[in-house]
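K.L.:
The lines below spell out each chain.
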Amino acid sequence: MKMDFRHSSELVIPISYGSTEVIETGRWGFQKPETVLMTAPCQEACPAGNPIPQFLYLAAEGRYDEALRALLRENPFPGVCGRVCFHPCEARCHRARYDESVSICAMERYVFDATSDRSVDIRPHRNHHSKQVAVVGSGPAGLSCAYFLGLLGHQVTVFEARTEPGGVMRWGIPEYRLPKSVLKREVRRIVNLGIEIKTGVKVGGDLSFDQLMDFDAVFLSPGAGSSLPLKIDGEALKAVWRGKELLERINSGGRIRLGREVIVIGGGNTAMDVARSALRLGSRVTVAYRRSRDEMPAIQEEIREAEEEGVRFEFLIQPVRVSLLKNGRLAVKFQRMKLGKPDQSKRPKPIPVEGGFVKLEADALVEAVGEAVEWSWIPQRLMSRGLIDVGPSLLTAQDKVFAGGDAIDQPRTVVTAIASGKKAAISIDLYLRGLSSDDFLSRIEVGNQGSLSMEAYIAGIEQGRWPEVKDVVPYERINTLYFEPSGRIRERKLSRDKAVKGFSEVNRGFSPNQAHASASRCFTCGTCNYCSNCYFFCPEGVISLDPLLQSRAVDLEHCKGCGTCARACPRGVVEMREVS
Amino acid sequence: MIEIKFKGRGGQGAVIASEVLGRAFFLEGRYPQCFSLFGGERRGAPVAGFLRVDDEPILLKCQIKNPNQLIIFDLSLIDEEEILQEVKPEGEILINTSLGIDSFRRLRRFRIGLVDAGLIARNAGLGATLNTAMLGAYARLTSLVRMETLIEAVKAVVPAKIEANVRALREANEQTAVYEREIEK
Amino acid sequence: MKEFMTGNHAIAHAVKLCRTPLIAAYPITPQTPIYEKLSEWEASGQLKGIMMRTESEHSAMASCIAASLTGVRTFTASSSQGIALMHEMLHFASGCRVPVVMANVNRLLAAPWGFWADQLDSLSQRDTGWIQFYCENGQEALDSVIQAYRIAEQVYLPAMVSIEAFFVSHFMEVVDLPEQEQVDRFLPPMDLPHKFDMDKPGFLVPVVPSELYRKYKHMAQVSMDSVKGLALQVDQEFRNEFGRGYGIVEPLMVEDAEVVVVTAGSITGTARVAIKELRERGYRIGLLKVRLFRPFPGEAIREALRGRKRIAVIDRNFSLGGGGIFCQELRAALVHSPDRPLVFSYIAGIGGTDVRPEMIERVCLDVMERTEPMDTPIWIMEEGS
Numbered sequence: 001m002k003m004d005f006r007h008s009s010e011l012v013i014p015i016s017y018g019s020t021e022v023i024e025t026g027r028w029g030f031q032k033p034e035t036v037l038m039t040a041p042c043q044e045a046c047p048a049g050n051p052i053p054q055f056l057y058l059a060a061e062g063r064y065d066e067a068l069r070a071l072l073r074e075n076p077f078p079g080v081c082g083r084v085c086f087h088p089c090e091a092r093c094h095r096a097r098y099d100e101s102v103s104i105c106a107m108e109r110y111v112f113d114a115t116s117d118r119s120v121d122i123r124p125h126r127n128h129h130s131k132q133v134a135v136v137g138s139g140p141a142g143l144s145c146a147y148f149l150g151l152l153g154h155q156v157t158v159f160e161a162r163t164e165p166g167g168v169m170r171w172g173i174p175e176y177r178l179p180k181s182v183l184k185r186e187v188r189r190i191v192n193l194g195i196e197i198k199t200g201v202k203v204g205g206d207l208s209f210d211q212l213m214d215f216d217a218v219f220l221s222p223g224a225g226s227s228l229p230l231k232i233d234g235e236a237l238k239a240v241w242r243g244k245e246l247l248e249r250i251n252s253g254g255r256i257r258l259g260r261e262v263i264v265i266g267g268g269n270t271a272m273d274v275a276r277s278a279l280r281l282g283s284r285v286t287v288a289y290r291r292s293r294d295e296m297p298a299i300q301e302e303i304r305e306a307e308e309e310g311v312r313f314e315f316l317i318q319p320v321r322v323s324l325l326k327n328g329r330l331a332v333k334f335q336r337m338k339l340g341k342p343d344q345s346k347r348p349k350p351i352p353v354e355g356g357f358v359k360l361e362a363d364a365l366v367e368a369v370g371e372a373v374e375w376s377w378i379p380q381r382l383m384s385r386g387l388i389d390v391g392p393s394l395l396t397a398q399d400k401v402f403a404g405g406d407a408i409d410q411p412r413t414v415v416t417a418i419a420s421g422k423k424a425a426i427s428i429d430l431y432l433r434g435l436s437s438d439d440f441l442s443r444i445e446v447g448n449q450g451s452l453s454m455e456a457y458i459a460g461i462e463q464g465r466w467p468e469v470k471d472v473v474p475y476e477r478i479n480t481l482y483f484e485p486s487g488r489i490r491e492r493k494l495s496r497d498k499a500v501k502g503f504s505e506v507n508r509g510f511s512p513n514q515a516h517a518s519a520s521r522c523f524t525c526g527t528c529n530y531c532s533n534c535y536f537f538c539p540e541g542v543i544s545l546d547p548l549l550q551s552r553a554v555d556l557e558h559c560k561g562c563g564t565c566a567r568a569c570p571r572g573v574v575e576m577r578e579v580s
Numbered sequence: 001m002i003e004i005k006f007k008g009r010g011g012q013g014a015v016i017a018s019e020v021l022g023r024a025f026f027l028e029g030r031y032p033q034c035f036s037l038f039g040g041e042r043r044g045a046p047v048a049g050f051l052r053v054d055d056e057p058i059l060l061k062c063q064i065k066n067p068n069q070l071i072i073f074d075l076s077l078i079d080e081e082e083i084l085q086e087v088k089p090e091g092e093i094l095i096n097t098s099l100g101i102d103s104f105r106r107l108r109r110f111r112i113g114l115v116d117a118g119l120i121a122r123n124a125g126l127g128a129t130l131n132t133a134m135l136g137a138y139a140r141l142t143s144l145v146r147m148e149t150l151i152e153a154v155k156a157v158v159p160a161k162i163e164a165n166v167r168a169l170r171e172a173n174e175q176t177a178v179y180e181r182e183i184e185k
Numbered sequence: 001m002k003e004f005m006t007g008n009h010a011i012a013h014a015v016k017l018c019r020t021p022l023i024a025a026y027p028i029t030p031q032t033p034i035y036e037k038l039s040e041w042e043a044s045g046q047l048k049g050i051m052m053r054t055e056s057e058h059s060a061m062a063s064c065i066a067a068s069l070t071g072v073r074t075f076t077a078s079s080s081q082g083i084a085l086m087h088e089m090l091h092f093a094s095g096c097r098v099p100v101v102m103a104n105v106n107r108l109l110a111a112p113w114g115f116w117a118d119q120l121d122s123l124s125q126r127d128t129g130w131i132q133f134y135c136e137n138g139q140e141a142l143d144s145v146i147q148a149y150r151i152a153e154q155v156y157l158p159a160m161v162s163i164e165a166f167f168v169s170h171f172m173e174v175v176d177l178p179e180q181e182q183v184d185r186f187l188p189p190m191d192l193p194h195k196f197d198m199d200k201p202g203f204l205v206p207v208v209p210s211e212l213y214r215k216y217k218h219m220a221q222v223s224m225d226s227v228k229g230l231a232l233q234v235d236q237e238f239r240n241e242f243g244r245g246y247g248i249v250e251p252l253m254v255e256d257a258e259v260v261v262v263t264a265g266s267i268t269g270t271a272r273v274a275i276k277e278l279r280e281r282g283y284r285i286g287l288l289k290v291r292l293f294r295p296f297p298g299e300a301i302r303e304a305l306r307g308r309k310r311i312a313v314i315d316r317n318f319s320l321g322g323g324g325i326f327c328q329e330l331r332a333a334l335v336h337s338p339d340r341p342l343v344f345s346y347i348a349g350i351g352g353t354d355v356r357p358e359m360i361e362r363v364c365l366d367v368m369e370r371t372e373p374m375d376t377p378i379w380i381m382e383e384g385s
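The listed protein sequences derive, respectively, from chains A, B and C. Sequential numbering from 1 applies to the first sequence in the working numbering. Sequential numbering from 1 applies to the second sequence in the working numbering. Sequential numbering from 1 applies to the third sequence in the working numbering.
Keep in mind the hints are simulated off the structure, nothing from the lab. Be aware that a few hints might be false.
[Stated by the list, open to error] A short, non-exhaustive set of chain A residues, derived as facing chain C with CB atoms under 8 Å: (1) PRO14; (2) ILE15; (3) TYR17; (4) ILE299; (5) GLN300.
Note that beta-carbon positions come from the ideal geometry of N, C-alpha and C, so glycine has one too.
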């Protein structure tokens with residue numbers, strides 16, 4: 001007998017053409033997975049609140065345009081920060097506890113370098129409260145404030161006393177660290193937002209402080225542009241320079257001859273910039289610092305690069321007198337110092353060693369021991385100890401006048417200036433809407449160290465969707481079993497010989513392969529990067545991921561709450577919560 | 001039907017030898033059946049290979065208890081008492097040894113072939129692998145298989161060092177001393 | 001073309017000749033050479049299919065079932081603990097009516113541990129709904145795999161071809177390899193009516209009410225019963241194409257036999273020698289080889305043993321509390337026989353112990369002495385033990 005079942009499969013075995021979807025297996029569970037996005041420690045450490053895990057995820061996927069857009073939501077200067085930032089983020093990177101930290105700063109630069117602004121689509125939000133705001137000074141603080149105010153839909157006019165915008169980015173930082181072309185691209189993007197930058201307009205000269213009061217709000221960010229004097233004999237000699245002025249001359253393209261040997265006084269970033277610039281002008285350079293190497297406030301990398309390029313260091317000496325020798329050179333008398341108890345800056349106080357003196361000769365001396373705010377045009381009641389006094393919202397003593405950047409009491413770095421510009425923009429927007437900043441700033445914090453999220457602010461103020469404040473991911477939440485150890489990737493550099501021959505950018509950044517490898521090292525702590533672990537491990541097939549739309553969804557009607565996804569998530573994004 | 005047992009130590013090639021000889025019989029149109037003691041293949045451990053051959057398909061599916069021919073690769077495995085019980089009367093024994101026939105007096109009821117296969121293999125550059133030398137000697141002792149067929153089988157089963165293996169095969173074939181059985185008084 | 005190879009390699013050749021596109025397996029001694037040979041051919045491009053290296057036998061069978069339901073021919077090989085682990089999926093295979101073909105190399109089941117021949121592993125799976133063949137040598141194993149596909153793909157039931165560890169799996173013998181064109185002629189491409197249809201998505205193994213479950217089991221029983229006739233027909237066609245055949249049972253010199261020895265697997269070969277010897281010595285002994293075990297060919301066996309008075313079933317397997325499994329089945333099949341023969345159960349070769357012709361002779365002479373029926377199995381040990 002031969003069976004013939006060929007007419008219908010139902011004659012062989014039952015097949016259900018219905019769907020089991022009607023069976024709500026999700027009701028069986030007593031716990032459900034929740035996507036719990038958290039703040040990565042790097043992000044908390046970034047004063048500008050850069051969305052680091054997000055942009056590194058996009059970069060690892062090769063989606064560099066999107067990575068740039070993510071950065072630009074929180075920071076108008078990725079190209080600048082990717083070059084000159086002291087990157088506190090990397091010190092907090094969880095990967096550092098596993099093997100070595102991710103090269104976050106270098107990746108920010110790579111994202112900028114690998115893209116053009118053509119794909120950038122930043123438009124001001126429509127704002128029914130649009131007002132006129134004046135910004136004084138076009139450094140990182142002023143331009144950031146202008147940029148974010150522009151995003152929020154305000155009309156911004158920036159007044160800049162010098163011939164070109166950029167402040168310290170244009171006139172302070174040397175070309176070999178920050179090429180002018182990079183700044184140009186960043187500024188153009190800001191101008192394209194509808195920001196008006198009036199250069200060559202000096203407030204206090206061309207425009208009075210009172211005239212600023214015609215605007216609905218004012219942001220003061222004049223920077224700290226004048227070098228402090230040492231106040232020693234012989235300071236007025238022609239071969240004695242002030243650091244800031246020297247850098248400005250160099251950045252203006254002026255031809256400068258310092259002579260064969262140069263002594264630089266100071267231990268900060270200006271001193272390093274001066275020393276390395278002097279090397280490039282053909283001089284032999286010695287940096288004299290009154291404390292020891294450990295106390296130098298300059299970025300560690302800058303110090304190391306200066307050393308590598310051939311700058312010599314003399315520690316624990318402080319100049320007391322400069323005199324002119326017959327041969328036209330300078331004789332500099334130094335007092336020997338030793339370290340004492342910590343002072344106000346919490347660093348050991350340098351104390352003179354009695355009777356200890358050293359004499360050095362040089363062709364030029366550059367003083368780079370600190371900068372001050374030039375505040376002759378600012379009403380005195382706004383000032384306190386040479387700085388503009390501000391409250392928590394960056395409001396000064398005068399109504400509708402806010403201030404930020406190096407002119408207020410905060411660390412003098414580009415990224416902190418950007419952060420103050422962002423904060424001021426938010427405070428000004430709230431002020432112009434007649435709202436109190438106290439009620440809102442805490443809702444848009446990134447972590448607990450004062451960084452703010454502009455994206456969160458816009459979502460809240462424009463759409464009323466104030467995001468939940470996210471916790472910072474603890475290291476223990478990262479499932480490191482899913483990561484293979486790998487070393488930190490270092491950027492390519494010009495050789496020492498080539499570097500000191502001119503002002504070409506020393507750091508050459510990552511190759512595409514290096515960038516991919518480097519971005520892929522990121523744990524993306526607290527941020528879903530659509531690695532698909534949960535998707536593959538889910539025994540019920542109820543998880544759907546869309547990396548392009550950046551969405552992660554669980555079909556809760558059919559999720560039995562087994563918790564496999566939470567266990568399998570490498571980055572602690574999924575948490576099981578009991579069903580009430 | 002002839003039943004052959006190969007005794008050696010892991011690494012000497014006793015099992016491979018049974019396969020090569022099996023293939024040679026196959027190439028000559030006969031029906032071989034070849035197997036080894038299962039599970040004991042370790043370097044240095046005693047191993048045994050078995051071969052049946054007949055002019056028609058072999059139906060038996062059991063082990064060889066009483067071989068007609070015993071091929072001993074390693075002198076240390078000789079147990080005269082066992083051999084006397086195991087090998088069929090009028091059987092043949094091939095031994096790899098440098099000793100003379102006087103050392104095997106108790107086995108003279110069998111036809112015996114002696115060959116210094118170890119030396120021949122070493123000289124041919126084969127190290128401790130004796131299988132081809134032993135097969136060359138086997139051909140001499142039994143005349144059951146042609147040298148050309150053996151060479152062809154070696155090429156099929158032992159793809160490495162073919163020339164050296166063929167040299168060992170020939171050398172051993174020439175150097176094997178054959179001793180006819182002594183009738184017991 | 002004649003070749004000299006092991007039983008394992010003969011099976012690998014069969015799988016290649018059947019152009020099986022999907023093989024999912026997990027290695028286990030003594031089956032591993034099948035797996036290795038197919039892998040080797042996959043690597044060299046000679047195998048026109050893929051090897052899925054699964055993490056367990058359970059998964060191997062699950063893979064075969066799923067792949068089969070896409071409409072492709074599948075194969076797996078296993079042994080002993082592997083097939084025991086597979087057990088749950090074996091039911092799924094027959095329940096899903098997929099024509100998966102498996103080679104099983106009969107190896108004892110632990111404990112204690114061992115690698116030796118014993119048919120308990122596959123006989124333990126007798127109720128899983130698989131067609132089962134037991135083969136005497138590599139040639140028959142090769143031919144049976146090809147036949148198994150033909151049969152399985154016609155009745156939509158999985159089929160298992162078993163050979164014993166070592167005595168068949170590792171014995172090198174002369175095997176006649178069929179030509180590819182012959183196999184292609186004999187074995188048409190597979191067609192599964194209930195294969196997955198992308199245009200009409202559905203799912204198998206839904207929950208069914210009791211009556212429906214009963215209906216499908218009954219339908220499967222009808223299909224399984226048809227295998228007895230179909231296997232004979234396929235074997236005949238095979239004989240026409242390849243010049244060899246086996247039947248589902250093979251009677252040898254039973255017509256006038258006072259005693260008929262019943263065997264399955266490799267012991268049959270040895271028994272052939274023993275019986276010939278006994279015949280030459282004047283004993284009227286016959287032999288019945290059982291090749292098809294599931295479905296159990298009761299009618300064919302009754303037919304072959306008609307008029308016989310004494311039967312000795314030799315089992316290389318043992319169901320604790322029962323006895324030799326072939327004997328149990330055979331006794332059940334003969335219960336309606338008008339001859340009411342005495343059927344004795346002999347246990348020999350357990351755990352891979354050697355079954356020599358003399359042992360089978362002993363069984364025959366022992367049976368000749370017996371006049372009373374006996375339920376308990378008789379264990380055959382070596383002389384003196």
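K.L.:
Please name the hints from earlier in the document that this structure breaks, with their numbers sorted from lowest to highest.
P.N.:
The structure conflicts with hints 4 and 5, although it agrees with all the remaining ones.
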